[in-house]
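Residue numbers (this note's numbering), protein chains in the order written: chain P, 1 to 255; chain R, 1 to 265.
Which chain R residues face chain P? A few, computed with CB under 10 Å, are given here:
| hint | residue |
| --- | --- |
| 1 | Leu62 |
| 2 | Trp93 |
| 3 | Tyr134 |
None of these hints come from the bench; they were simulated from the model. Owing to the predicted nature of the structure, the values given are computational and were not obtained by experimental measurement. For each residue, glycine too, the CB sits at the ideal point set by N, CA and C.
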Amino acid sequence: MSARSRLTQERLLYLISPIGLLLLWQLLLMAGFGDRRFIPAPSDIAFRFWDMIVSGELWTHVAVTLYRVLVGFLLGVVPGVAVGLLMAMFRPVRIFFDPLIASLFPIPKIALMPLLLLAFGFGDASKVALVAIAVFFPVIINTYSGASNIEKIYWDVARNYGASQAVMFRRIVFFGALPMIFAGLRIALAVSFIVLVAAEFVATKAGIGYLIWNSWELLQVDVMFVGIVTVGILGLIATVILQEIERKVIPWKAE
Amino acid sequence: MVAQRRGAAIEIAGLCRQYGTGPGAVVALDNVDLRVAPGEFVCLVGPSGCGKSTLLRILAGLDHQTGGSIKIHSEGWAVENAMVFQESGLFPWMDVETNVRFGLDTRGVPRAEADPRVDDALKLVGLTKFRHHYPHQLSGGMRQRSAIARAFVTDPGVLLMDEPFAALDAQNRVILQTELVRLWEQTGKTVIYVTHSIEEALLMGDRTVIMTAQPGRIKRIIDVPFPHPRDLMQLSASPEFGRLKLDIWRVLEDEVMRARAEMEQ
Numbered sequence: 001m002s003a004r005s006r007l008t009q010e011r012l013l014y015l016i017s018p019i020g021l022l023l024l025w026q027l028l029l030m031a032g033f034g035d036r037r038f039i040p041a042p043s044d045i046a047f048r049f050w051d052m053i054v055s056g057e058l059w060t061h062v063a064v065t066l067y068r069v070l071v072g073f074l075l076g077v078v079p080g081v082a083v084g085l086l087m088a089m090f091r092p093v094r095i096f097f098d099p100l101i102a103s104l105f106p107i108p109k110i111a112l113m114p115l116l117l118l119a120f121g122f123g124d125a126s127k128v129a130l131v132a133i134a135v136f137f138p139v140i141i142n143t144y145s146g147a148s149n150i151e152k153i154y155w156d157v158a159r160n161y162g163a164s165q166a167v168m169f170r171r172i173v174f175f176g177a178l179p180m181i182f183a184g185l186r187i188a189l190a191v192s193f194i195v196l197v198a199a200e201f202v203a204t205k206a207g208i209g210y211l212i213w214n215s216w217e218l219l220q221v222d223v224m225f226v227g228i229v230t231v232g233i234l235g236l237i238a239t240v241i242l243q244e245i246e247r248k249v250i251p252w253k254a255e
Numbered sequence: 001m002v003a004q005r006r007g008a009a010i011e012i013a014g015l016c017r018q019y020g021t022g023p024g025a026v027v028a029l030d031n032v033d034l035r036v037a038p039g040e041f042v043c044l045v046g047p048s049g050c051g052k053s054t055l056l057r058i059l060a061g062l063d064h065q066t067g068g069s070i071k072i073h074s075e076g077w078a079v080e081n082a083m084v085f086q087e088s089g090l091f092p093w094m095d096v097e098t099n100v101r102f103g104l105d106t107r108g109v110p111r112a113e114a115d116p117r118v119d120d121a122l123k124l125v126g127l128t129k130f131r132h133h134y135p136h137q138l139s140g141g142m143r144q145r146s147a148i149a150r151a152f153v154t155d156p157g158v159l160l161m162d163e164p165f166a167a168l169d170a171q172n173r174v175i176l177q178t179e180l181v182r183l184w185e186q187t188g189k190t191v192i193y194v195t196h197s198i199e200e201a202l203l204m205g206d207r208t209v210i211m212t213a214q215p216g217r218i219k220r221i222i223d224v225p226f227p228h229p230r231d232l233m234q235l236s237a238s239p240e241f242g243r244l245k246l247d248i249w250r251v252l253e254d255e256v257m258r259a260r261a262e263m264e265q
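Okay, chain P solo, but in the shape it has when bound (with noise of 0.2 Å):
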């Protein structure tokens, strides 16, 4: 009963703090304070909102980005990964890999935008790339750390067992490193939104990044709010997804 009221309490808290601010914002918009055609208040958002929803308009976009953030997404994890274990189960691996991600993970990918259109032109390649791009690092880095953090006793287990190399792959390493690996696809998938939606700014007549750069030019400001509250949502589902996926796949995890 108690351990109940508790949870609803801390539903409640988990709300206030987002509608309280939404709350503050139009409340001081109603008042006067600011410019509503700069600053639209959160109900024109919202009226917008439904808007574009109903005109079908937005989804054009969402589609499009989202397209764009699941190709690049799996392209950059899949190898990630790999990468990420073979480094930590073999040490030329690492030596080889090493120099190449303490030189390439700093540089800030869109700064590779105009390579890609150059190689990939003006269509989704080019935006799928730069995601793959961004996404492979995060994911390489947490790959690793998992796999050579797994425990001594487990490779122990698995030599007195009379595992191979391959079998170490695939049951031992993989599995020990796939927290880490969850923990990598998280931080891979805000970084996949991010990159897009600053590529989506240029180059490009689709994509919620196009619309928020295109509406602040046509000074449609409630738009370009839009565009900036469904790439929110959009990071929000898509990390629920990722934890529910997280959920089924590491069963032993211990809550």
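Following the hints, complete the assembly by docking chain R onto the known chain P.
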């Protein structure tokens, strides 16, 4: 049920293990000789740092000697040895059944043959109902039972055990000791059991090997005269048991004192 065949014989001759070289070198094992008969239950006892775990790890193929030789006559056994580790070493990401099956999977035992063997092993340790549980859902005793099943299922010539019950509470330890002795009596495996408890060594083993620290050497080998099958609780309350325990403690006492004196220097 009486064992039809006995486990593998072991011959250890002049075994040395040194870590590092030069003046900083640590001699973990110094010229260790030991012959273990097929199906014998041998306990290694000694102060920490006496090399008993090192010896076990070399036998398990997890470490290598720097001198001497080891021969394990495991012809006719599916695998040479299987180890039960101190903290069970169950893979947290596999359920009990998958953990137990692991040593069969790695050796390519086909499913049709592996399944009944896994069933038998789980029945042997009384974990059939818990086969789909993950290690974190089990008690410490159940985890060690799973680890024992994982070792037995591979049908090893030698069972290597590294203080497997050290982390258990007293009641569970007695229960698992009893179960292990029963299993050993039924299967006739050769068992090398590392422990720091004299009492545990005398309760379960045929012979107790007392080792000394720095360098790790065999100080004495004591035949344990108690017949099998054993009732461990009754045995531990008998005067003969108490006397033997005292004798061994006297031997070890010197060692412990000497080791302490060296540390204080």
